[in-house]
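There are 2 protein chains.
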Amino acid sequence: MGKDSKDTANSSLEQVSDIHCFGGRQLRYRHRATSLPCTMNFSLFLPPQAERAPVPIVYWLSGLTCTDENFVTKAGAQRVAAELGIALLAPDTSPRGEQVPDDPAAAYDLGLGAGFYVNATQAPWAEHYRMYDYVVDELPSLVASSFAEIDASRAAIMGHSMGGHGALMIALRNPSRYASASAFAPICAPSQCPWGIKAFTHYLGDDRSRWAQYDTCALIAGTEADIPMRVDQGEADQFLEEQLMPEKLVAALPPGYPLSFHRHAGYDHSYFFIASFIEQHLRFHDLYLKANP
Amino acid sequence: MGKDSKDTANSSLEQVSDIHCFGGRQLRYRHRATSLPCTMNFSLFLPPQAERAPVPIVYWLSGLTCTDENFVTKAGAQRVAAELGIALLAPDTSPRGEQVPDDPAAAYDLGLGAGFYVNATQAPWAEHYRMYDYVVDELPSLVASSFAEIDASRAAIMGHSMGGHGALMIALRNPSRYASASAFAPICAPSQCPWGIKAFTHYLGDDRSRWAQYDTCALIAGTEADIPMRVDQGEADQFLEEQLMPEKLVAALPPGYPLSFHRHAGYDHSYFFIASFIEQHLRFHDLYLKANP
Numbered sequence: 031m032g033k034d035s036k037d038t039a040n041s042s043l044e045q046v047s048d049i050h051c052f053g054g055r056q057l058r059y060r061h062r063a064t065s066l067p068c069t070m071n072f073s074l075f076l077p078p079q080a081e082r083a084p085v086p087i088v089y090w091l092s093g094l095t096c097t098d099e100n101f102v103t104k105a106g107a108q109r110v111a112a113e114l115g116i117a118l119l120a121p122d123t124s125p126r127g128e129q130v131p132d133d134p135a136a137a138y139d140l141g142l143g144a145g146f147y148v149n150a151t152q153a154p155w156a157e158h159y160r161m162y163d164y165v166v167d168e169l170p171s172l173v174a175s176s177f178a179e180i181d182a183s184r185a186a187i188m189g190h191s192m193g194g195h196g197a198l199m200i201a202l203r204n205p206s207r208y209a210s211a212s213a214f215a216p217i218c219a220p221s222q223c224p225w226g227i228k229a230f231t232h233y234l235g236d237d238r239s240r241w242a243q244y245d246t247c248a249l250i251a252g253t254e255a256d257i258p259m260r261v262d263q264g265e266a267d268q269f270l271e272e273q274l275m276p277e278k279l280v281a282a283l284p285p286g287y288p289l290s291f292h293r294h295a296g297y298d299h300s301y302f303f304i305a306s307f308i309e310q311h312l313r314f315h316d317l318y319l320k321a322n323p
Numbered sequence: 031m032g033k034d035s036k037d038t039a040n041s042s043l044e045q046v047s048d049i050h051c052f053g054g055r056q057l058r059y060r061h062r063a064t065s066l067p068c069t070m071n072f073s074l075f076l077p078p079q080a081e082r083a084p085v086p087i088v089y090w091l092s093g094l095t096c097t098d099e100n101f102v103t104k105a106g107a108q109r110v111a112a113e114l115g116i117a118l119l120a121p122d123t124s125p126r127g128e129q130v131p132d133d134p135a136a137a138y139d140l141g142l143g144a145g146f147y148v149n150a151t152q153a154p155w156a157e158h159y160r161m162y163d164y165v166v167d168e169l170p171s172l173v174a175s176s177f178a179e180i181d182a183s184r185a186a187i188m189g190h191s192m193g194g195h196g197a198l199m200i201a202l203r204n205p206s207r208y209a210s211a212s213a214f215a216p217i218c219a220p221s222q223c224p225w226g227i228k229a230f231t232h233y234l235g236d237d238r239s240r241w242a243q244y245d246t247c248a249l250i251a252g253t254e255a256d257i258p259m260r261v262d263q264g265e266a267d268q269f270l271e272e273q274l275m276p277e278k279l280v281a282a283l284p285p286g287y288p289l290s291f292h293r294h295a296g297y298d299h300s301y302f303f304i305a306s307f308i309e310q311h312l313r314f315h316d317l318y319l320k321a322n323p
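Protein chains in written order, with the numbering used here: chain X, 31 to 323; chain L, 31 to 323.
Watch out, some of these pointers could steer you wrong.
DEER-style ranges, computed between Cβ atoms [said to hold, decoys possible]:
{"id": "1", "chain 1": "X", "residue 1": "S42", "chain 2": "L", "residue 2": "R293", "range": "32 to 40 Å"}
{"id": "2", "chain 1": "X", "residue 1": "T64", "chain 2": "L", "residue 2": "E272", "range": "37 to 45 Å"}
{"id": "3", "chain 1": "X", "residue 1": "Q45", "chain 2": "L", "residue 2": "L283", "range": "36 to 44 Å"}
{"id": "4", "chain 1": "X", "residue 1": "Q310", "chain 2": "L", "residue 2": "H292", "range": "28 to 36 Å"}
{"id": "5", "chain 1": "L", "residue 1": "E265", "chain 2": "X", "residue 2": "A321", "range": "51 to 59 Å"}
{"id": "6", "chain 1": "L", "residue 1": "K320", "chain 2": "X", "residue 2": "P78", "range": "30 to 38 Å"}
{"id": "7", "chain 1": "X", "residue 1": "E44", "chain 2": "L", "residue 2": "P224", "range": "27 to 35 Å"}
{"id": "8", "chain 1": "L", "residue 1": "R62", "chain 2": "X", "residue 2": "E81", "range": "51 to 59 Å"}
{"id": "9", "chain 1": "L", "residue 1": "R62", "chain 2": "X", "residue 2": "G127", "range": "26 to 34 Å"}
Residues from chain X that keep clear of chain L, each with C-beta distances beyond 10 Å, as calculated [to be verified]:
{"id": "10", "residue": "S65"}
{"id": "11", "residue": "E81"}
{"id": "12", "residue": "Q108"}
{"id": "13", "residue": "R109"}
{"id": "14", "residue": "C223"}
{"id": "15", "residue": "L270"}
{"id": "16", "residue": "Y287"}
{"id": "17", "residue": "A305"}
One-sided excerpt, in silico: chain X residues whose CB lies under 10 Å from chain L [what the hints assert, rightly or not]:
{"id": "18", "residue": "F52"}
{"id": "19", "residue": "V130"}
{"id": "20", "residue": "A266"}
{"id": "21", "residue": "D298"}
{"id": "22", "residue": "Y318"}
It is worth saying that the hints were derived from the structure and are not from the lab. For each residue, glycine too, the CB sits at the ideal point set by N, CA and C.
Please model the entire structure based on the sequences and the hints provided.
Set out below in structure tokens:
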């Protein structure tokens, strides 16, 4: 398993930690990411079933300010993944390192920790801020070549806030790669909210016609795909009205689109909300991952 | 519930946060602790059942370097507590504040974050480092007077590492106050391990005869109580041999003492270990809390 996986096609893959958890293994790796390019960490949970046969994988994309570790320590997802036999991979939320440009004002919503899962086209971001390629292409290729415990062809994607935007947007653009997609409190219309407008202006430039390819509402309105989606939103979320705008997602849905949308009275934007409903999300993905063997 | 509880006998109780979690509420409070004396934070989870009738309470004592928040964010205990109808209270691990002395060397195992749940007798610790009185007397009194949602007479106690030492030691000295006690990777014989010898020397002085009152192995060897206990220990715990010494606890048990001891191959000292078995611990306590209505 993990320790052997260094001896693969990707010789830069280095295991940082390997911790028993719910009968499986919570792993962390460091590698030289070619798409970004910089050294990146990611976290990977392998359920006990992975010792016997390849298991499907769910990618988790985190929100602003997070690294690969927030989900791993706070969401309580390993318990459910260990029951269902699902691997969980959590990448970081932006390129990292001394050579990677950051917002000169060090704002939490631009630069480090705020990659927004796009391929930047503008200076000084364009060289490193290519999280779309990293999540869509590089990581799945690395999984397929390095982890025999995982069946990389059976994948789903989920995330929170900025990562919820990333998960839904990536699934809509790559419906053949994911059995299902889900999000907690996603940024549904980044082209229309302050977080998204700021990030897209810096990363993609002022021409808003280039933004639509990364905007879930714009993508879903024109999609012919029907990848199953689940979205959960807390009604006491402090970012609900100004930044998240789930009502725009619901309004943009093509007739009959398979979106399961759940509002929860009293819940906020925190990992306590995620932990409370992570089991339902993983069981949702399990349904479609098992239907696509 | 929470927000009203400020208007009680303890007028210093201030609610810091109130977050929905698993149908219940994850609360945090700040108050002026008279036993320490300083301003302290504690975290409290109220399960949904507390809205209808008073629920029993389980105290959680954390380990070295922790605050009241580590358990709350990492253990995943709220899910089980919400199912069973149990309140969870996590205090901090030492007195806090500018006026509270710390280790001049700022070591992680003495001073702030390392109260060891004793009443210190030595300078400069004696005025503030009185975590034993705080946990045994002040917090339960505060709970009884301030939270009508909790039946303070039905209590259990548990903890991790230094907090596992605290939980077992406090239960053995106060068997009528707790229905049961449990620990993850407890420091079983603090008088005999480096962490405990250092802390007890500073807090209690060189006279080792004064240490036995805070030493689980010494206490259990002479106890006539039979408070049910559960201890879980990971076999890959990096502190197992030098600091934790569970074999001394097993050897010190009086004949027939109701200790359920579980070793787990591969698990370490982290919260991934705690999260993996927290459900079993809470179900253990639930059994005895429900047997003592």
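Cross-check of the supplied hints:
1. Look at S42 of chain X against R293 of chain L: about 37 Å separates their beta carbons, and that is inside 32 to 40 Å.
2. For the pair T64 of chain X and E272 of chain L, the supplied restraint of 37 to 45 Å holds, since their beta-carbon distance comes to about 43 Å.
3. Checked against the hint of 36 to 44 Å, the pair Q45 of chain X and L283 of chain L passes, with Cβ atoms roughly 40 Å apart.
4. In this structure, Q310 of chain X and H292 of chain L meet the distance hint of 28 to 36 Å, their C-beta atoms being roughly 30 Å apart.
5. Look at E265 of chain L against A321 of chain X: about 39 Å separates their beta carbons, and that is not inside 51 to 59 Å.
6. Distance hint check for K320 of chain L and P78 of chain X: the Cβ-Cβ separation is about 31 Å, which falls inside the suggested range of 30 to 38 Å.
7. For E44 of chain X and P224 of chain L, the hinted distance range of 27 to 35 Å is satisfied, since their beta carbons lie about 32 Å from each other.
8. Between R62 of chain L and E81 of chain X the Cβ separation comes to about 53 Å, which falls inside the hinted range of 51 to 59 Å.
9. A hinted range of 26 to 34 Å is violated for the C-beta pair R62 of chain L and G127 of chain X, which are about 45 Å apart.
10. Consistency note on S65 of chain X: stated as away from chain L, and its beta-carbon is indeed over 10 Å from all of that chain's, at 30 Å minimum.
11. Distance to chain L confirms E81 of chain X as a non-interface residue, since its nearest Cβ pair spans about 12 Å, more than 10 Å.
12. The claim that Q108 of chain X lies off the interface is violated: its Cβ sits roughly 7 Å from the closest Cβ of chain L, which falls inside the 10 Å cut-off.
13. A beta-carbon of chain L comes within 10 Å of the beta-carbon of R109 of chain X; the shortest separation is about 7 Å.
14. Once the 10 Å rule is applied to beta carbons, C223 of chain X is consistent with being away from chain L; the minimum gap is 23 Å.
15. The beta carbon of L270 of chain X is kept farther than 10 Å from every beta carbon of chain L, the shortest such distance being approximately 14 Å.
16. No Cβ of chain L comes within 10 Å of the Cβ of Y287 of chain X; the nearest lies about 29 Å off, and the non-interface call holds.
17. Against the 10 Å criterion, A305 of chain X falls within the reach of chain L, whose nearest CB is about 7 Å from its own CB.
18. Proximity of F52 of chain X to chain L holds as hinted, the smallest CB-CB distance being about 5 Å (cut-off 10 Å).
19. Proximity of V130 of chain X to chain L is violated relative to the hint, the smallest CB-CB distance being about 28 Å (cut-off 10 Å).
20. Nearest Cβ of chain L to the Cβ of A266 of chain X: about 7 Å, under the 10 Å cut. The hint holds.
21. Using the Cβ-Cβ criterion of 10 Å, the hint placing D298 of chain X at the interface with chain L is satisfied: the shortest such distance is roughly 6 Å.
22. Of the supplied interface hints, the one on Y318 of chain X is violated, with its beta-carbon coming no nearer than about 24 Å to a beta-carbon of chain L, more than 10 Å.
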